[in-house]
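Chemist: Both chains are sitting in their own frames, so use the hints and assemble them into the complex.
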Amino acid sequence: MPDTATLSQPILQIDAVTKEFDGTTAVDRVTLDVAEGEFVTLLGPSGCGKSTLLRMMAGFETPTSGRILMRGEDMSKDPAYEREIGLVFQNLALFPHMNVYDNVAFGLRARKRTEGLDRKVRDILALVGLEGFETRRTGQISGGQRQRVALARSLVTSPDVLLLDEPLSALDLKLRRQLQVELKRIQKETGITFIFVTHDQEEALSMSDRIAVMNAGRVEQFSSAVETYHHPQTRFVAQFVGETNLVEARAVSRDAVGAVLAVDGIDQPFSVPLVEGSGIGAGDSVWISIRPEYMTLGPNTDPAPTGPTLTGQVVSHSFSGSTVTYALDSAAGPLLAQVPFRAGEGHPFPNGETVQISWAADTTTVIPG
Amino acid sequence: MPRSLRIALLLAPSGLLMCVFLYGLIRLIGSSLVTDGQIDLSYYEAIFSRADYVAMLGRTLRIAAMTTFFCLLLGFPTAYYVARYRGNRNFLLLMIIFPWLVSIVVRSYGWVVILGPRGLINGFLTWTGLIERPAKLMYNDFGVILGLVHVLLPFMIIAILSVLMQIPRNLEEASMSLGGRPSYSFRTVLLPLSLPGVLTGITLVYLMATGAIVTPLLLGGLGDTMLGTEIFQEVMHFFDYPKAAALATVLLITALAVVLPIQILERWVARRLSDGGSQ
Ligand SMILES: Nc1ncnc2c1ncn2[C@@H]1O[C@H](COP(=O)(O)OP(=O)(O)OP(=O)(O)O)[C@@H](O)[C@H]1O
Ligand SMILES: [Mg+2]
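Sequence lines, in order, name chains L and C.
One point on numbering: in the working numbering, the residue at position 339 of the first sequence is 339, and numbering is uninterrupted.
One point on numbering: in the working numbering, the residue at position 231 of the second sequence is 231, and numbering is uninterrupted.
No wet-lab data here; the hints were simulated from the structure.
Quick caveat, the model's predicted, so the values are computed rather than measured.
Virtual Cβ for every residue (Gly too), placed ideally from N, Cα, C.
Hints are supplied without guarantee of correctness; some may be wrong.
Stated by the list, open to error - Ranges between beta-carbon positions, derived for each pair: (1) C:Ile264 x L:Gln9: 26 to 32 Å; (2) C:Val102 x L:Gly132: 57 to 63 Å; (3) L:Gln140 x C:Gly30: 57 to 63 Å; (4) L:Arg109 x C:Leu125: 48 to 54 Å; (5) L:Ser206 x C:Ile264: 50 to 56 Å; (6) L:Ala170 x C:Ser162: 26 to 32 Å; (7) C:Arg267 x L:Glu73: 37 to 43 Å; (8) C:Ile264 x L:Glu73: 50 to 56 Å.
Stated by the list, open to error - Partial selection, computed: residues in chain C whose CB lies under 7 Å from chain L: (9) Ile158; (10) Glu173; (11) Ser177; (12) Arg181; (13) Tyr184; (14) Pro192; (15) Ala270; (16) Leu273.
In isolation and in its complexed conformation, chain C is listed as follows (with noise of 0.2 Å):
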């Protein structure tokens, strides 16, 4: 068989996949603008007009921002601690990623037992007596982000782990026989060699938290939904489709607007560190 017949064949069912989401998307795109064959911006004015939407998008990006922010707080020590493991390395990957194996919805209903007004926490509290009332621990921004991190803080790690295990241990240990003290060595060698890894993780947290619908759902507060939420909303019990799209559309391009960047960046630190390894 032929060399490019080969490649095309194996690029044929990615490139079915493509076309298919190609269309679906502008599709989504085409009917957030268009009605009756005309140009129609009603629904963008519509969504920005209305201040409870305006929110909701600033909302969005700025749980998912937070989520990101603690998902890399935790997940670049987590990465780097199984990095440097020197023990079964497997046996914690597979903690990782057990979660996955569990439904998201079972996930999520699982901290509204630990976070619940009779909850986990709650009901030790009250018992104890150290407060009267059950604490407000969720049905607010801070059940999402807990919720949120807990379900994305994986998909950081594997990227951070990732890169992590390409850097030779060596080369922290030549920065600090150089007199390189630990937060000198992280700053100049560690941070530097692991960013490709960081970034990709930001991407992804980031990206699959502007997109949440299941966590916000189960842990946020009823008035105060995400963009995500909202969406599916619209979709599933009011049937407006095009107001949906004009909604989802929104959302993909200030995803994009804090994406895009982020890629182009990742590629250069790529292409600055590959040309310098390789020995």
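This is chain L alone, in the form it adopts within the complex (with noise of 0.2 Å):
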């Protein structure tokens, strides 16, 4: 859905927002466009500004400076109640003293559209899959039940925009892949869109249409999942979002494709592929990135493969089902190399072997020095 943010008006705008709380500044000129029924997530480390984001666009912070705007018009001082903004927080705050039906219906009679209530709310329960834990009380429910409520709690009204606070954090790795999925055919159904909140990269890159990863309280960069990984444009993204090598290059020149690139233990420069207005030039340090996915390993003793290709010594390996990872010293630092595994094979390569790495130029990504 990237595609549609620049054709329609965004609905969510965040216009050089910074928060600062006595003198430490969460959030540091932020600007995000968010179209409509788009799956946008904030992915960032702990204590990077997240919350305070989207307490920002819920109502709950002022802005120190910048402005949010809703369908062009500035919100930043409305207050909360008056936002057509839902928000599922990361302790979910259910009504304790309320049961199920009533948590959910809360947001209907608090606007006072009561008028076909009992439909909405029955609707929104079986979309949640909660249909007959109505008279249930919240601590008489799982912690999945208690998610499901407090989503279709925030759904009911059908808010503008629907901001989610790590809501799958305090889950198990299995109800969160399952929730993650439910998640989203919901998001689907309803059309509404969903700012996401998350610090795990993998939830990120599943779930979301667009990540704007956060370090610090600014946003690095804001594009697609795929652009994302495949594509980060700082070291900090680059090295967040996935495994990645981080290796130190020179730009020796540019040429047709991009740039010739020299790193220490390669023999050879080799061209690789750059954005468009990276601003690489002759002579620059810069730094690569390349997933372990892309490194191929073979036994030193083999012709030098077409790509950039040095040597380095196995220090160790872990074995994960379908790929073995092995971590390796090189003259140009220490690295990953993910291989796939054959059964049978066993592993090739013991510790302290000596072998060859290599990989595509093309799978090379440039991030400014």
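Modeler: Following this line, the structure appears as structure tokens:
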């Protein structure tokens, strides 16, 4: 859906928003446009300002500077109860003195939209798979079911935007996977714009249309999941989203496709593609990121393959079902290589063995130094 | 040491206290009911046939009710403010409990200095010429209620605060994000959840106000005492123990008539809240 972002007016615009708490900057000049119906994820480590940004959208904090616009109108000063924005809290914040039905009906009653209330509540309970739980109290249902109540409660008023602050972080892995799929389905079915917060990059990649990677209050990159993984624009993004090899390199010259790079330990400079407007010129020092799964390993005796190639020693290896990940030591620094594991072959490279490490030049992402 | 023995040892002091207390209570009620081995209701007849005693009972209950009302009115917002205070909450708590370190006589007397005919307020008003003769700010119900609210307010605040601290701030935010205006959020979320504390506060303050002695003595009018003060005087000045006991029993029963239903309500509310909570 990212292409619709460029076509129609964004439903939500965060315009250079900054939030300071007595001296510390929690959110630093963040600018984001979110398209209607989009699933956007705020991804970042603990303390990077995700919740603070979300709370400003919900109306619980006022930005120190900058504006938040809903369908083009500035709502930075509107109180929370006047915004058509739902929020699923990290700790859910279900009302303990109400049963499931009353929890879900709360928003409709608060907004005095009681016409067809029963129908709406029952429909939404069906959508999240909670029929028959109406009269249960919130202390009498499981963690996953509470999660669904929280979701249903925020969805029943059909908000323009639904904010979700790490709603799945308290659940075990299996339930978490299941609810990720369900959340995505519910988002599709309702067509409501979701802004989802997580610090789990896998969760972000599997669910989002677009991901805003945050670090220390700033958005480092805002792009589609595929783009974020395959073309990280900063070292932080490259390292935070998936495993990667970051290697220092030097741009020798520019050529038709991009740049020719030289790396310590690699005999031949090699040519890599550059994204447009990267501003990298001859002589610049840069970083390159190569995902472990793009690395290939071979015996040191093999003739050198076509791509960038260097030698290194196997430090350790770990087996994970269909792949083996080797930790290697090379002239370019420590590297990771994830190679397919074929049953019957065993681990071809024992620890300490010298191997040939290579990758295809066009799987290299160049990051300005 | 076996578990049961340990529990028994731990309970022993409280058992002793209970026995002494119950013995006193039974003797008290007994002395008002029994004369020379015969059931004798004459003390009660005497009390209820005297219009001034009936009026005193009514005034006691009225003043206690008003005191409780004002304590609630002032106590809830204060407790709420403290519970949601982001800074040094312990300092605020200290300020609330601080008056307890000062004797109740001194605190009540402080009001005489402020409200009295030559007190701070009257002195200032006559000095500015706004009034010619001192206004009657004390030696009446107003003075007593003011004094009692001052003395008993901390109990109300602490009772409500202890419950408010258990309510996550998130719940109010959840209500607001669902479109609940502050008044709606208060009515549907904060108030029901804080009800156990409110009821405890009401019970405490009401009970203590009905039995108040010192404050009405110092700040009340001569003609219109409260029951607690009257009992005190019957004992200390006239040594009429059976009559004091009868008055005390009347006070006890009227107080229980209000407090017991509140206690039952509180149990009920607490039970309803607890099987929904714990998440
Ligand atoms: N009310 C507040 N007062 C002072 N500082 C705050 C407040 N709220 C957040 N901060 C600070 O702002 C920064 C960002 O906090 P925030 O809660 O937004 O992080 P987060 O990305 O949501 O982290 P997490 O993943 O741990 O939830 C932190 O350094 C935090 O200490
Ligand atoms: Mg957070």
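Chemist: Evaluate each hint against the coordinates.
Modeler: Do the hints match the structure? See the list:
| no. | hint | verdict |
| --- | --- | --- |
| 1 | C:Ile264 x L:Gln9: 26 to 32 Å | violated (59 Å) |
| 2 | C:Val102 x L:Gly132: 57 to 63 Å | holds (60 Å) |
| 3 | L:Gln140 x C:Gly30: 57 to 63 Å | violated (49 Å) |
| 4 | L:Arg109 x C:Leu125: 48 to 54 Å | holds (51 Å) |
| 5 | L:Ser206 x C:Ile264: 50 to 56 Å | holds (54 Å) |
| 6 | L:Ala170 x C:Ser162: 26 to 32 Å | holds (27 Å) |
| 7 | C:Arg267 x L:Glu73: 37 to 43 Å | violated (50 Å) |
| 8 | C:Ile264 x L:Glu73: 50 to 56 Å | holds (52 Å) |
| 9 | Ile158 | violated (22 Å) |
| 10 | Glu173 | holds (6 Å) |
| 11 | Ser177 | holds (4 Å) |
| 12 | Arg181 | holds (5 Å) |
| 13 | Tyr184 | holds (6 Å) |
| 14 | Pro192 | holds (5 Å) |
| 15 | Ala270 | violated (11 Å) |
| 16 | Leu273 | holds (5 Å) |
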